[in-house]
Amino acid sequence: MTNDSQKTLQEEMRQLRQEYHHRLIADLNELAHMASLDDKALSDRDTLKKIHQASHKLAGSALTFGYQETGELLRQFEQTLNELMENGAPVQPGTIRLQLQELTPELSVPTAQQEGHHRDVESPEAAAMSSDAEPLHLYLLEDNPSTSEMLKVGLASFGYRLSPFDDINLLCASALQEQPDALIVGSDQSTFSDEDLSAAMRSIREHGMESIPVFVVSEQDDFENKLQAARNGVVAFLSKPVNIPSLESALDYVLQQKVKSPYRVLLVDDDEFSVQHHKLMLEKRRFVVRTLSDPTQVLDVIEDFHPDLMIFDLHMPTCNGIELAEVVRYHTHWLHIPIIFLSSERSESRQLLAMMNGGDDFIVKPVVEDSFVSTIRSRAQRARQLAELMTRDSLTGLLKHTEIKERLCHELARARRNRSSVTVAMIDIDKFKSVNDTYGHQTGDVVIATLAHLLRRGLRTTDIVGRYGGEEYMVVMPDTSAENAIIKLNALRQEFGTVVFRHHNEEFNCSFSGGVCSSDLAEHVDALVECADQALYAAKDAGRNCLVQGKA
Amino acid sequence: MRELKRIAHVDDDDSIRAIVKIALERIGKFELLSCASGAEALDKVPGFAPDMILLDVMMPGMDGPATLLQLKQKMNLEGVAVVFMTAKVQTAEMEHYKKIGACNVIIKPFDAMQLSQQLRSYWTQFHDE
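Those protein sequences? They're chains A and B, same order as listed. Read in order, the letters of the first sequence correspond to residues 1 to 552 in the working numbering. Read in order, the letters of the second sequence correspond to residues 1001 to 1129 in the working numbering.
The shape of chain A in the complex, shown without the other chains (with noise of 0.2 angstroms):
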């Protein structure tokens, strides 16, 4: 094509843009007018009909026309009225009229073009926060003073610092003034209706709250409820009466969902341009990418890479992507990672016989960018969830005893290698026992996590920490000697006791005793843990409270 009917051949297309550009706005204020209609109107048929075809054929143009987003939001739309349409349930006018009213704001869309530049929402300095920032604020929305308070005062325990409102309104203002890490909305009988709940939402995200994650605590937990939440974007749902650990995980794990390491993509294609280029997209979103040409390496650099997410071209000469997956799919350990297909196979059955084989999704080149990286970071993200659930303790969220082992020896291996010395303690809350006999195991839990988190939160992120038994903990601490360790673990011990726990109307503190053995002293794995819970035992017998360095 000569450079002149290309210039013609761009210019027609861009005209052709801008005129969809006009239709989309059209449409798209066609289809908010709906709203307006009356909930009879609006649970009608052959009127929900309409509006399915007109967001269907929307959907399929704007995303033609690179209008990701707004095309996204009509699809989903249109799947919620497929699924009304084709299973007959009861429709609700309601939750018709919000999702055609969300259509509106939308109205401001950019062009194409524009839209490709503001894309990158995660900054780096989000991701560079620290550990040791100010306590999170949070706001409760909840009009029972009882169940304020019980909150207020759990949550202060964990190092949270919690604002009750009883009125949305009020919640809204103070937002204004100083915006919160998280909202949580008791929503109960008296307080909300599913209306309310949606009606509730709405001016929290008016109020420039948009991006704030909100948790619903609510009495009602069937179905339906969860539904309305989840539509209307509350990130975890917890049943009443709350228990405050598994509160306390869910903010833990959302909050700090904000500042997790960027997840890792291994790239295995021995196309040298195609790797490049898919690897320029992935980083442009912060994800942090291996790139391999000769797959016969990938055990080992799977090994070492530790990835979350791998990326196969299907065609490459040595062998193909299914192969590969196969081989890899031998190693039950690697079985959570997903294997994503890559290639320009458009056929069905081709994809669906690579699914089969041990992967996960297909994905056909020319990949369209956004969905691309959609694609690969929500994989990546539930991978990682499923992992997580896999390897750490429910109640404390730490690694589970085999898994704090494994690390450990992990560890160990590393320092023999750099001639660094990595230091493993063992820590055990006093008399513990009597705590669960005298205040109850709900108590005890609250005591255990609250340890589990003043641990993970004291310590460096390199620190490992994993919930050993019962009311036992192991600390690995790599680059570190056993007197620094106990500096810093007699800070947390001194910290720990100042904590007050409460029982009904009775106050009580807890104290920890603590072993400590550093590498230097116990080269094998067994030895150095042995070493450990030795110097714990003297601990104990020292008279609790303490922190006691092992001997060889």
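Each hint should be verified, as a subset may be incorrect.
What the hints assert, rightly or not - The calculated lysine to any residue pairs, modelled on SDA-like cross-linking and capped at a C-alpha distance of 20 angstroms, are:
#1 B:Lys1021 x A:Arg23
#2 B:Lys1021 x B:Asp1051
#3 B:Lys1029 x A:Leu9
#4 B:Lys1021 x A:Leu16
#5 B:Lys1099 x B:Ala1066
#6 B:Lys1044 x B:Arg1006
#7 A:Lys50 x B:Asp1014
#8 B:Lys1021 x A:Glu12
#9 B:Lys1021 x B:Gln1117
#10 A:Lys279 x A:Arg377
#11 B:Lys1099 x A:Gln351
#12 A:Lys240 x A:Asp445
#13 B:Lys1005 x B:Ser1116
#14 A:Lys365 x B:Gln1125
#15 A:Lys365 x B:Gln1118
#16 B:Lys1021 x A:Thr8
#17 A:Lys365 x B:Arg1120
#18 B:Lys1029 x A:Met13
#19 A:Lys365 x B:Ser1116
#20 A:Lys551 x A:Asp526
#21 A:Lys50 x B:Ala1036
Just so you know, these hints were derived from the structure itself, not from any lab.
Following the hints, position chain B against chain A.
Just chain B now, kept in the frame of chain A:
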């Protein structure tokens, strides 16, 4: 195998027809017949004698599959490749379309720059099978 030259496109969406027109006429250098409804297609497609028919699935009145059934009554579709275009992605539906005579399905959104190439590869596949 003869060359893919004449394509009939049926879609009620003006914007999609416009972008397909650019994609197939300007980029792909095909001869294109563009129809805005199933009825218009029944009227014009038999006389146009296309090598390939590109049919939108969801259209008001006569939808894509219905249009295809009616076309079969009016003309001999042997050697004509039928490709559906839809925004839906369910495998079961895909199978259904193939059963009623489609050789492939394009899922919206599609890449206008790639569309011609995509249709050419479907054309080759159609003749291989």
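Does the alpha-carbon distance linking B:Lys1029 and A:Met13 stay inside the 20 angstroms limit? Given pair B:Lys1029, A:Met13 holds - Cα atoms ~16 angstroms apart, limit 20 angstroms.
Going straight from one Cα to the other, do B:Lys1021 and A:Thr8 come out at no more than 20 angstroms? holds, 14 angstroms
With a cut-off of 20 angstroms on the C-alpha distance, tell me whether B:Lys1099 and B:Ala1066 pass. holds, 13 angstroms
Can you confirm whether the C-alpha distance between B:Lys1021 and B:Gln1117 stays at or below 20 angstroms? holds, 14 angstroms
For the pair we were handed, B:Lys1021 and B:Asp1051, check the Cα-Cα distance against 20 angstroms. Holds: B:Lys1021 and B:Asp1051 sit about 16 angstroms apart, inside 20 angstroms.
Satisfaction of hint between B:Ser1116 and A:Lys365, Cα-Cα up to 20 angstroms: Between A:Lys365 and B:Ser1116 the Cα gap is close to 15 angstroms, so the pair holds against 20 angstroms.
Satisfaction of hint between B:Arg1120 and A:Lys365, Cα-Cα up to 20 angstroms: holds, 16 angstroms
Sort out whether B:Asp1014 lies within 20 angstroms of A:Lys50, counting only the CA atoms. holds, 18 angstroms
A:Lys365 and B:Gln1118: Cα distance at most 20 angstroms? Roughly 11 angstroms separates the two Cα atoms, so the pair holds.
Holds or violated: B:Lys1005 to B:Ser1116, with C-alpha atoms at most 20 angstroms apart: Roughly 11 angstroms separates the two Cα atoms, so the pair holds.
CA of B:Lys1021 to CA of A:Leu16, is that 20 angstroms or under? Roughly 11 angstroms separates the two Cα atoms, so the pair holds.
Please verify whether A:Lys279 and A:Arg377 have alpha carbons no more than 20 angstroms apart. Holds. A:Lys279 to A:Arg377 sits at ~14 angstroms (cutoff 20 angstroms).
When held up to the earlier numbered hints, the structure conflicts with none and fits them all.
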